[in-house]
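Hints given; two lone chains; assemble the complex.
Note that the protein sequences, when read in sequence, are chains A and B. Position in the first sequence counted from 1, then plus 239, gives you this note's numbering. Position in the second sequence counted from 1, then plus 3, gives you this note's numbering.
Keep in mind that the hints were calculated from the coordinates and are not lab data. Ideal placement from N, C-alpha and C gives every residue a C-beta, glycine not left out. One should not assume that every hint holds.
As the list claims (entries may be wrong) - Taking lysine-lysine pairs in the DSSO-like style, the calculated list, with each CA pair at most 30 angstroms apart, reads:
id	chain 1	residue 1	chain 2	residue 2
1	B	K425	B	K437
2	B	K437	B	K409
3	B	K425	A	K662
4	B	K374	A	K663
5	A	K663	A	K809
6	A	K662	B	K431
7	B	K119	A	K354
8	B	K119	B	K276
9	B	K49	A	K276
10	A	K662	B	K372
Unchecked claim - Chain B stretches covered by chain A per the calculated footprint, using a threshold of three residues with CB under 8 angstroms from any CB of chain A:
id	segment
11	45-58
12	308-314
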Amino acid sequence: MKATGIVTGIISNLVTVRFEGDVAQNEICHIDLGGTKMMAEVIKVSGKNAFVQVYESTRGLRQGDKVEFDGHMLEVQLGPGLLSSSYDGLQNNLATMEDVFLKRGEYTAPLDHDKIWHFTPLAKPGDTVYAADWLGEVKEGWLPHKIMVPFSFKDTYTVKSVAPEGDYTIDETMAVLTDPQGEEHTVTMVQRWPVKVAVGGYVEKPRPFRIMETGVRCMDTLNPIAEGGTGFIPGPFGCGKTVLQHAIAKQGDAEVIVMAACGERANEVVEIFAEFPELIDPHTGRHLMERTTIICNTSNMPVAAREASVYTAMTICEYYRAMGMKALLLADSTSRWAQALREMSNRMEELPGADAFPVDLSAIISNFYARAGIVRLRNGQTGAVTFIGTVSPAGGNLKEPVTESTKKAARCFYSLAQARADKKRYPAVDPIDSYSKYLEYPEVVEYLKERVGKDWVEKVSRAKNIIRRGKEIAEQINILGDDGVPISYHEQFWKSELIDFVILQQDAFDPIDSLCPMDRQEYMLSLVLKVCDVPVEFDDYEQCGAWYKEIINVLRQMNYSEFKSEQFNKYLEQLNTLLTNE
Amino acid sequence: MSKAFQRTYTRLEAITKATVTLHAQGVSNDELATVAGRLAQVVKIKGDLITLQVFAGTEGIPTNAEVLFHGEPPTLEVSEELSGRFFNAYGDPIDGGPRVEGERRQIGGPSVNPYKRKQPSQLIPTGIAGIDLNNTLVSGQKIPFFADPDQPYNAVMAQVALRADVDKIILGGMGLSNDDYLYFRHEFENAGALNKIISFVNTTDQPPVERLLIPDMALTAAEYFAVDKNEKVLVLLTDMTLYADALSIVSNRMDQIPSKDSMPGSLYSDLAKIYEKAVQLPSGGSITIIAVTTLNDGDITHAIPDNTGYITEGQLYLRADTDTGKVIIDPFRSLSRLKQLVQGKQTREDHSQVMNASVRLYADAQNAKTKLENGFDLSDYDRRCLEYAKAYAIEILSIDVNIGLKEMLDTCWKLFARFFSKAETGIKQAMIDKYWPAE
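So here's chain B without its partners, still in its complex pose (with noise of 0.2 angstroms):
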């Protein structure tokens, strides 16, 4: 690991939980030094004072510990033969594989030029309607599940890998417990889907200041698939909220003064240049991202989901519906802000018409339950509404549905004709003429 150029430190001025600081000379920021074998970051010069940010906890580490300074920032080796093989935080394979040759690059590099950019405009389908249906996924979009912790985020989201048609999957997992860690890695494997699936992944039994390098390392692999090979690229973060947690941390611990819910007061545009990576680039390449974020008892005010919900194109719900029993995507506080983009464009003209009538006719049945749980009576409607909306989420928003558009899109008009009137769906008259059931 050492090299003849690199001048070695053995002193330590100041150890905190996550920093250590020293007197060094000719240190440039942002760049990699071991301290007693374990990596860190400079993230402050004073003078010739130098603050390392050490990713794996400062446990142990003594006054006179060697230290010794790498001359450049955290890299990633890229080329074809990340393909299929799982990382740590610092991009050294864990599955027990070779280390990979390729082109070493620095991770976090800069934005793309907004005005080079594309309108995204590819449809990515998964298959789950209450996502396809009602909040259609575009390529290079960014869009995070809200999910509680106690829901499959995790499920679902490997659901929508393994089945959006992309060139390559790229997992950045943080802070993953180890069996989520095992479910993913077993999931992949089983789908025999291996070959276009990198992982980088932090668990939880590992440092959480180390998850800080996850989405960097997964955004650098991600950009050398799309714009260097041209490739449309899915990146899977989760969770953020572990992210973010971590960054607290370090802002702590370097006596930043703290915003909103003890977060740092950069956290907006610490989320911001991770998901803005996402880029439909005018090559024909893309990078979409795909997030979890895990709230705290469903409270979006959180600085976390808040800053995320600003920044993102839309957000997903899980949400246990009680009348079915069925984990659903809640149709009415999802939303995908791209989804305009390619309804009716790429999808069946009757797309859009037939989400908003299943959705309006699904809020009336949430109003005749309330009328219902209140002690008054139900009218006709009203009770062909509750049946509709069983219906509905069974076939259409549960998570477990596995269909294709146009079987989305057939399945809704059946469920209206079984339940409603024509006039009572309030679709277009020519639409209705062309989509509705025969008898």
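With the rest of the complex left out, here is chain A (with noise of 0.2 angstroms):
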């Protein structure tokens, strides 16, 4: 039986329904406005009254407006072409609207119902399945999107038939399971789930423990992110969130990307709508679009949506995770979905925390983050999502709620420093405040010692060293004068300099550049820790700063070039031509 209600209180988007029969916590309901139904998701319920947020604008409701309860969540379609589509917070796909403006209760399918997709199966009469198992695959792209027993299976079932290779649509039956009572049901391509819940059916979540490239030096290199792991990019406006986000995008060594553009602007999500089509995936030559979906809640569009658009992302990285495939997020900017919890938490009067946020916010965010992870699936294999979102901190002030909270829950810190975007120092991550608490896991370091090299830790933390030791001395000369320290500190100052301009800044419009892959990393930082390692003799300050601009404007055009290609390699001459000249 669902419950149904009528409207009795109106302030902005949060309505009060007084309902007949029962309702859930976070069920979804739809109002009807004169022949348009409203989606709506109860956030409260008192007595026979429940507060819900309305996905839509409420201009012209009126008390008395009737109220149809669903009788489950906030659900996503899972299925084969998820990727590639672009969807709002609520998994309406933006592309087959119709209209220039968006509709109020225009509600599209998220999957296309008459294509064709070619099914192989994997299981056979007679298996014992669970939650999550795989019954067969279809090509997506280029990718085995596997057909799975449906993650609300609860049982252990036995499969009674599986459709045969060939063409279907995706609401055709593909298997039919029989439960311990013996009762049929039957598997379709598609499957339900509810946003906010986290997916499971896998095995066990270990402990992440391979790094998930993304050809970002400052990232891979000084503080990598796991597999599975988590990070967390903060920065005042300007200093280059978005394009160092849109970077992991294109190059992050994930077979699924989902990009949750999360209250942000419109224009940023117009560029990867014109870009990314364009784009050719480094790792597998085939269209990024291909391997990604957008799920697009502006900054003008629904607030309530916003705060759904991230968990209906994460739902469909958990999705894929299930099949054994490493999924990355990205969302932009988590800030804003904390800022929608906050004007729900205001309307329904809830005692304030920290400037306003919900007390709760700090657990609300470390839940979400808790859902990413690394997986062993019941057949072996392992499936991963890997998490990375922005935060857009008020007046660029990191002690305020989001960053607090944020950081408390993410294993990396990316901060984004004001002064190094002033001086187009990009990407503008601080070298020194970024930790990757990653780099304190045995079998992290042990993962790195073997893939990139023995020495490559400590070469690292040298590297590290020289950064910090530049910095103070940055700070000394500054107080000082240049003639009021010894040569030897001008020196140290420029081995830092030298880091800075060849590994931590990358051009990330550059085509060659903006790629770096772990091999040339690792390369490039032998090289330029070699380059600090030779003796050298300067008369005065002077000439040690030209030296050392001239050895930097070498290895930058190296960057520049091919890796190992006869530019590179012109250039790998010069340099050495000009450390032996010494």
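See below:
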């Protein structure tokens, strides 16, 4: 029995509904406004009153308008065709909407029901299966998209039949399963799942032990993020958060990328729509769009759907993880999501926490970050969801609730510094403030030694020390003047500049420099450290600066050249000449 | 005004400085009402208890005031007749002209589907080199001036508007002083451009809460011309800080918990709803928004400029340059996020190289200045930088410059040649060969 009700109160998009029957927390309902059905979610129940947040503008809504409850929470549809789609926060397909303007109550199908997929069975009759076990697969782009026992199937099932290899639409029956009571259940290519509940169906969630390569040197070399790890990028406006996220999206070593544009500028999403279909994935040579899903709830779209958008994105990632794939979720920006929570909490007149955010903000954020991770599936394979979120701290001040709560939840911290952005040193990730906790994991260190090189970890820590020392010296030179410190200080300062210009800085708009694979990162860092080891005698500090500037210029030209190409080797020779001439 | 089916009420249950509350039936959210002859809007419904925000304030409203519901949210009648007219926050003429006849449209309408947007790609030239050269504007962009109250931001904006190559200019004036209002009117009339300008004005002597209607009125008119008529529309909003202040007054009266700087927690969404109306439409029409956000003593960490910065596509800073006595567009802190979409594509190939070199040399001049102030010796290069900085401020950065883009680029090349060697500019050799002025 589904509940019904009528509207009794309205403040902006918070609506009070007096209901008959039973409703659940987070249950979805539809409010009838003169024939337009507007979706809403229960966020509080008090007696016979349900407080619902409406995912649309409530303009024109009246007391007494009818409400129908749906009997389930906010769900997404999971099946082939998710990749290369563009959705709003509630998984409506934006591309199939006809009007230029978003219409209230216009909900479009997330998946194409007419498209034909070529199915190959993986299970056979008689097999015993559980939720998330693979029954068959279809090719989605170049990815083997697994058709699984729906996550909501809680029992042990016996496969009664599986469709033979052939062409099917997503709604056709792919398998029939029998539960222990002998009841039969049909499985199609589509399943539904409530977004606010984490997808299970795996055996264990081990500690991350591999690095997810992003091709961004200041991340991979200095503070790598683990596959199945979590990280966040806080920074004031104008520091390049979005450019950095787009760079990671273009090159991240993941099979599936979900980008959640959460409460940000529409023109930034337009840029993705315009650029991504043209770009090529450096790992597979296929179009980037084929492995990308965009969840887009820009700042002017309804606020409540903004909160839903990050959950929708996460659920899609978890779905692909259950297929044994590496998924990467990029959310820009989680602060906007937190602000959506604040607006609602405020309208419900809850007692506020710091900066008027809800008191459970910290718990909500850490719960969300906890959904990332690497998992071991029942069939022994692994899948991962890596999550990187951006944070937009108010006034650029990191001592604010969203940054602080996120810092507790995320394991990697990529701090964008205004000072670096002002000097156009991009990406403006501060090498000293930023950290990766994964470097403390012995299994990650082992992995790095094997993957990159035995002495890699020592090299990185040496580089970090040089940067740290360089910063201290820069401050001393500022106070004492260039003449006030010994030449050896200038030398140490320039060594840190060398690392800054050659390793940390990276041109996100250059086709070669923007993507730096791990072996190239290893090569360049080793080379730079070798330069640091060359003993040089200088007469004065100006000579010292001039020499390093020349070295930096040659090394930067190498960054712009195809790795180990003729041009690259030519610059390498130039460098060696410079080094041996002294 | 009163219509047959409208129900009137004459009993107010509560009155605050900005709102009244009464029992009423069949009222819809956001609809307009008249309370003792003043316009008001439904902001809260709790059972049959309705709270109305009275735009003109509640001074003198009695508990037995007559309340009349209009049955619809605020609307604007749109047609070509809007051109050349001045209106108040309610869309009523204030220039003595007749009422505008046209199609009634609800203000504050829905958003454009992001998937249907086009990437902004049309340059908007203004003649001001500090903008065109260093912070190029693009149609469909939204960008504010961050300015201290004593700076001539309204004059600069009027200049930008009148020089910009657009079909319509729509002014949304919030808390304009009467003098500034008359200034805009005078400038528009003098420029002979009145027929392409539409103004919605709320002056300081009018109630602050009325201001909340101005951006939606201006943008509804803008959408009419951009969407229905495929025109390039430029919307000017001044001063958005006063708009935000009005928001905080209302949320305060509604007992909402304030967040940072006593602003409502929804400030980001409220501002984004306005700024995101800037759009490049697939049909060719566009809405570009240039706004003014006044700062308190240059503080950009305050909630209003801070939230604005996260929403808009860059910002333009005005600064008084003490060395030359000119008001300049600050080349360091100003930014147009969309400039790379047109630079070198719709402008000359040397644009971005010249821009970067000229700003970098200007930065070197700042370093030299610091050295000088700290009593260190200046090198020959430092001295040349300082000379260059003065010329650059006068000939390029100053807001009274009015030249074409080609001339801006040529001016920069001349400055480079006057003060620097080719190598010192660090510009690509191919560009130097082509554009370095002959001896």
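Checked hints:
1. For the proposed pair K425 (chain B) and K437 (chain B), the alpha carbon gap of about 12 angstroms is at most 30 angstroms, so the pair holds.
2. As the CA atoms of K437 (chain B) and K409 (chain B) are separated by approximately 14 angstroms, the hinted pair is consistent with the 30 angstroms bound.
3. Restraint check: the Cα-Cα separation between K425 (chain B) and K662 (chain A) comes to about 23 angstroms, which is no more than 30 angstroms; the hinted pair holds.
4. Among the hinted pairs, K374 (chain B) with K663 (chain A) is consistent with the structure: their alpha-carbon atoms are about 22 angstroms apart, no more than 30 angstroms.
5. Of the supplied pair hints, the one linking K663 (chain A) and K809 (chain A) holds, its CA atoms being roughly 28 angstroms apart against a limit of 30 angstroms.
6. As the CA atoms of K662 (chain A) and K431 (chain B) are separated by approximately 20 angstroms, the hinted pair is consistent with the 30 angstroms bound.
7. Taking the CA atoms of K119 (chain B) and K354 (chain A), the gap is near 23 angstroms; set against the 30 angstroms cutoff, the hint holds.
8. Taking the CA atoms of K119 (chain B) and K276 (chain B), the gap is about 17 angstroms. The hint holds against a cut of 30 angstroms.
9. For a cut-off of 30 angstroms, the pair hint linking K49 (chain B) to K276 (chain A) stands: about 21 angstroms separates their Cα positions.
10. Simply put, K662 (chain A) and K372 (chain B) have alpha-carbon atoms about 17 angstroms apart, close enough for the 30 angstroms limit, and the pair holds.
11. Coverage of the segment 45-58 of chain B by chain A holds [criterion: at least 3 residues with CB-CB distance below 8 angstroms; count 6].
12. Under the rule that three or more residues need a Cβ within less than 8 angstroms of chain A, the assignment of the segment 308-314 of chain B holds, with 5 such residues.
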